[in-house]
Amino acid sequence: MSGVPLDLQLLNLCAALLLLLSFAMLAQRRIVNLVNLLALQGALLLIATLLLAWRTGQHHLYVSAALTLALKVTFLPWLLHRLIRRLEVYWDTEPLLNISGTMLVGLLVVVFAFGLAQPISALASTATRSSIGIAVAVVLLSFITMITRRKAMSQVVGFLSMENGLFFGAMSATYGMPMIVELGVALDVLVAVLVLGIFFFQIREQFDSLDLHHLESLKEGPTPQLSGSSQEDG
Amino acid sequence: MELLLLLAAPLTGALLLGIWGARAWAPELNVVVSLATFATACVLTARVIGEGNLLVAHEQFFIDPFNVFLVTLTAFVGLTTSIFSRPYMRVEMNHGRLSAPRLRLYHAMYQLFMATMLTALTTNNMGLLWVAMEAATLSTVLLVTLYRTPASLEAGWKYFILCGVGIAQALFGTILLYFAAERLLGAEGVSALLWTHLNSVKGHLEPAVLGLAFVFLLVGYGTKVGLAPLHNWLPDAHAEGPTPISAVLSGLLLNVAIYAVVRCKVLVEGSLHSQLPSRMLMAFGLLSVVLAAFFLWRQRDVKRLFAYSSIEHMGIITFAFGMGGAVANFAALLHMTVHSLTKSAIFFAVGHAAQKAGSQLMDNIRGLITLSPTVGWGLMMGSLAILGMPPFGVFASEFLILTTAMREQPWATPILLTALGVAFAAIFGRVQPMVFGETSARRLPHSPALLPVFAHLALVLMLGLYVPPYLADWYRAAARLIGGG
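Sequence lines, in order, name chains D and P. For the record, in the first sequence the residue sitting at position 119 is 119 according to my numbering, with numbers rising by one throughout. For the record, in the second sequence the residue sitting at position 477 is 477 according to my numbering, with numbers rising by one throughout.
Read the hints as simulated data drawn from the structure, not as lab findings. Predicted model only: the values in this text are computed from it and were never measured. Among the hints, erroneous ones may be present.
As the list claims (entries may be wrong) - Rough simulated footprint, nothing fancy, chain D against chain P, three-plus residues with beta-carbon under 8 Å:
hint	region
1	123 to 130
2	143 to 152
3	155 to 162
4	198 to 210
To be verified - Label pairs and their computed distance ranges (CB to CB):
hint	chain 1	residue 1	chain 2	residue 2	range
5	P	T374	D	R85	51 to 57 Å
6	P	G429	D	W78	54 to 60 Å
7	P	T12	D	N33	42 to 48 Å
8	D	G197	P	R443	39 to 45 Å
9	P	G421	D	N33	27 to 33 Å
10	D	H81	P	A458	54 to 60 Å
11	D	L190	P	A57	20 to 26 Å
Unchecked claim - Away from chain P, derived, C-beta distances all over 12 Å, residues of chain D:
hint	residue
12	N12
13	T74
14	F75
15	W78
16	I84
17	R85
18	L97
19	F114
20	A127
21	M177
From the three backbone atoms N, C-alpha and C, an ideal C-beta is built for every residue, glycine too.
Generate the whole structure from the sequences, applying the supplied hints.
Printed below as a string of structure tokens:
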């Protein structure tokens with residue numbers, strides 16, 4: 001490893017920690033901890049962006065680092081914690097697949113992700129090309145988190161972590177997207193979380209719970225009682 | 001200039017309606033803003049007819065034959081929907097399904113939604129296209145849940161999560177596209193994501209990366225098109241939201257999503273020099289047509305019925321773009337236009353019919369023709385038009401698509417014909433008793449706005465008999481641009 005400069009080693013460390021965090025998220029059932037892990041993921045992303053900005057001298061990376069700090073490390077976790085306290089959802093119920101099973105699937109997914117990223121890494125000229133595979137793995141692992149969870153809040157954390165993975169992928173493959181796109185994506189994420197906040201209160205008001213199994217009545221085929229009753233107006 | 005005005009008009013409208021959206025005259029303000037947007041779109045169109053393509057604001061926005069008619073169409077349906085929503089939302093208020101703050105939310109988000117769609121259509125930047133598509137989802141999520149019923153919350157959640165995950169795939173595809181382009185165009189400017197630049201160098205883009213990118217882009221934007229098997233959100237969102245929103249979702253958003261898919265396909269096909277993108281589009285298209293045709297039989301809710309019909313038509317359009325070539329592309333573009341007009345007209349008629357019957361269930365809607373002949377005939381004519389009866393425009397485009405399929409992809413023709421036949425039987429069998437027979441309808445406190453229904457149907461009829469020369473020119477130019485086949 002003596003041939004690899006220190007900052008690159010640190011970058012690779014960040015990438016490895018990101019992957020580890022994704023597995024931690026997969027195993028975590030306490031929603032408060034899940035949000036903390038998301039904040040930690042944001043912080044790692046921030047460090048990686050700063051290292052890369054310093055290494056490559058690309059100024060727009062400093063701007064996106066500032067965005068990451070403001071949005072992903074500070075604001076979103078704060079908002080989610082607030083929502084958790086207000087809505088009093090602390091634990092997710094038993095996931096659809098038990099934890100050890102999910103972990104095994106996760107391992108296979110990581111292998112698949114590296115296979116998928118192979119042709120891209122081979123073409124990339126960036127110093128961080130080896131972490132493209134990790135970025136894809138983070139995206140896919142977050143996807144599993146979303147699929148296997150029942151609580152709306154955990155699904156949202158999975159969604160945001162997926163966005164983090166995509167952001168990391170863009171960074172490792174091309175040193176980030178053009179500024180205007182990055183700003184737009186950040187805006188969309190912010191609005192998405194705000195919309196979700198409102199949405200949670202609506203679900204809560206209606207069902208008195210944030211468990212998504214209430215939201216399973218709109219199946220295909222004849223379900224007259226539900227769609228019928230909602231249409232009866234005064 | 002006109003282009004920036006076009007985007008500014010609905011944005012300003014969203015702001016104004018965010019402040020005054022609950023006032024008694026807010027529906028009229030909504031119409032005025034939509035009218036302003038439409039007027040700007042007309043001026044823009046006139047200028048494009050005179051001067052040809054436009055490229056403005058540091059090349060970030062552009063107008064070419066492929067998006068000019070979609071911009072006008074979007075602004076037009078936006079206007080007619082706002083006219084329709086004026087009495088519709090008032091009736092909903094009278095029935096106590098909406099409170100004033102929700103009406104304000106509805107009006108503001110309606111304009112915001114128009115702004116995001118127009119941005120998606122006119123932007124030259126593939127990244128901005130993604131941002132606008134995601135913003136379009138976000139602005140409509142709260143509209144789908146406007147009534148706060150359990151079913152609408154479920155529909156909204158499904159819509160948000162499925163489209164959110166889908167659109168995340170599209171973001172990954174966009175990143176890959178940027179990655180491939182950056183090697184050629186350089187990261188210095190922002191040119192590497194501009195469609196016009198990408199299009200000029202598409203032959204040199206790395207095929208391996210673009211092939212991978214297309215899979216993600218197609219799955220991502222395909223979710224928003226409602227292609228099977230990613231269509232689950234679509235019927236729920238259409239059925240549970242307020243009817244004006246069903247009309248614009250079906251008539252406009254699906255078009256914009258398909259527009260995004262085709263823009264990507266042009267780039268990828270130019271790079272790959274293979275049939276892969278075309279085959280993928282054809283497969284997804286056919287699957288959607290067949291699945292939707294059979295799901296039509298199981299529907300009891302009238303808005304779900306027509307939502308599945310939208311999936312079917314999106315499948316036909318996707319299939320036609322997959323076949324490619326001058327005729328199929330022409331037909332697909334025509335089909336996008338007439339489907340959008342017909343389907344929104346149907347939703348207008350259905351909205352009033354459901355209000356009159358007090359239910360969206362087809363079993364409870366009977367004999368519209370006795371109490372309100374215009375609504376009844378509107379629904380009947382609209383259904384006949386969407387089922388591809390001559391002389392409406394849908395017949396012309398479907399006929400072109402089928403004849404091309406017979407020549408280019410003979411194996412697909414029987415599948416398409418069967419699906420169309422099944423869909424015909426399903427929809428016609430349901431609509432007929434709704435329109436004729438014993439009545440179950442009641443009078444409404446505000447008289448329905450039926451002008452939009454018949455204006456749309458008249459246009460569809462006209463497009464079936466006569467396509468204006470400049471429109472035909474755009475279709476042809478866009479068909480050449482899209483290529484393939």
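Hint by hint, here is what the structure shows:
Interface restraint, the region 123 to 130 of chain P with chain D: holds (4 residues with C-beta to C-beta distance below 8 Å; minimum three). With a cut-off of 8 Å between beta carbons, the region 143 to 152 of chain P has 7 residues touching chain D; three or more are needed, and the interface restraint holds. With a cut-off of 8 Å between beta carbons, the region 155 to 162 of chain P has 6 residues touching chain D; three or more are needed, and the interface restraint holds. Three residues within the 8 Å Cβ limit are the bar, and the region 198 to 210 of chain P against chain D gives 3, so the coverage statement holds.
Our hint of 51 to 57 Å for T374 of chain P and R85 of chain D holds, since their Cβ atoms are close to 54 Å apart. Range check, G429 of chain P to W78 of chain D: about 55 Å between beta-carbon atoms, so the 54 to 60 Å window is met. Hint check: T12 of chain P to N33 of chain D, Cβ distance near 45 Å, so the stated range 42 to 48 Å holds. At roughly 41 Å, the beta-carbon separation of G197 of chain D and R443 of chain P lies within the given 39 to 45 Å, and the hint holds.
For G421 of chain P and N33 of chain D, the hinted distance range of 27 to 33 Å is not satisfied, since their beta carbons lie about 56 Å from each other. Between H81 of chain D and A458 of chain P the beta carbons are some 56 Å apart, a value that agrees with the proposed interval 54 to 60 Å. The beta-carbon spacing between L190 of chain D and A57 of chain P, approximately 24 Å, falls within the hinted interval of 20 to 26 Å. Every Cβ of chain P is farther than 12 Å from the Cβ of N12 of chain D; the closest lies at roughly 20 Å, confirming the non-interface assignment.
Annotated as non-interface, T74 of chain D keeps its C-beta farther than 12 Å from every C-beta of chain P; the closest such distance is 22 Å. Remark: the non-interface label on F75 of chain D is consistent with the geometry, its nearest Cβ contact in chain P lying 17 Å away (cut-off 12 Å). Distance check for W78 of chain D against chain P: the nearest CB is about 21 Å away, which clears 12 Å, and the non-interface claim stands. Every Cβ of chain P is farther than 12 Å from the Cβ of I84 of chain D; the closest lies at roughly 18 Å, confirming the non-interface assignment.
Against chain P, the non-interface label of R85 of chain D holds: every CB pair exceeds 12 Å, the least being about 22 Å. Once the 12 Å rule is applied to beta carbons, L97 of chain D is consistent with being away from chain P; the minimum gap is 18 Å. Listed as outside the interface, F114 of chain D is consistent with that label: its C-beta sits roughly 14 Å from the nearest C-beta of chain P, beyond the 12 Å cut-off. The beta carbon of A127 of chain D sits about 14 Å from the closest Cβ of chain P, which is more than 12 Å, so the claim that it is off the interface holds.
The Cβ of M177 of chain D sits about 6 Å from the closest Cβ of chain P, inside the 12 Å cut-off, so the non-interface label is violated.
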